[in-house]
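Q: Numbered per my numbering, the sequence shown spans residues 24 to 205.
Calculated directly from the structure, the hints in this document are not laboratory data. Incorrect hints may appear among the rest.
Claimed, not checked - Derived DEER-like restraints, expressed as beta-carbon distance ranges:
1. 41 to 153: 30 to 36 Å
2. 117 to 97: 23 to 29 Å
3. 121 to 82: 38 to 44 Å
4. 140 to 117: 15 to 21 Å
Don't be surprised by glycine CBs; every beta carbon is placed ideally from N, CA and C.
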Amino acid sequence: MAQQGKQSPARLSGYHPTLDRAIFVLAMLGVLVAVHLWIQQGRGFAEGCTGFGDAGASVFDCGAVVSSAAGTFLGVSNTLWGLVFYLGVGLLTALAAVGPAAWLRPSKMLRLGLVGFGFLYSVYLTLYQFTQLDARCLLCLLSAGIVTVLTVLVVLDARRVEAPASAAKHPPKTRPGKKAVA
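Can you make the complete structure from the sequences, with help from the hints?
A: Structure, rendered in structure tokens:
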């Protein structure tokens, strides 16, 4: 426990291990979903979306979704993009946790931008499934859910990183003869 009156190191004021751990775990879960989707796609979804038989086959058709016009971006499968996305989020989170102190803020800001783009793209793909296709992909929707939770956590973390920086720029106002309360 820090002694009263001592300032914590700048690195620790912007680092929140609980949020970063949750973000890292979700990124690794996303990697598993993307790899599973890639494997099922390679098998032609012969055993349905999940690979455990055709349970939910009347509701989900992952093959139709991943082979649709929105199944690729810049000529690359969204499955591969998803894998790269989740690995990138995991790497940036690891850099924030164990990298040099100078990498903390840049890695978190890059992660915020990456997750923001991923969220917007997931919203587009989800809306595409519901408005343009008569098919849903269970694994794609699971990935969209993971990205949504990641977005909430990354935004919360970014707000906490910004708080110490903005507090330093705008110290609390005091009345003459009074000390600022921290």
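Q: Against each hint, give a clear statement of whether it holds in the structure.
A: Structure-based check of each hint:
Residue 41 and residue 153 have their C-beta atoms about 34 Å apart, which keeps the hinted 30 to 36 Å range intact. At about 26 Å, the beta-carbon gap between residue 117 and residue 97 stays in the expected band of 23 to 29 Å. Between residue 121 and residue 82 the C-beta distance comes to about 42 Å, which sits within the given range of 38 to 44 Å. Between residue 140 and residue 117 the beta carbons are some 20 Å apart, a value that agrees with the proposed interval 15 to 21 Å.
Checked against the numbered hints above, the structure breaks none of them.
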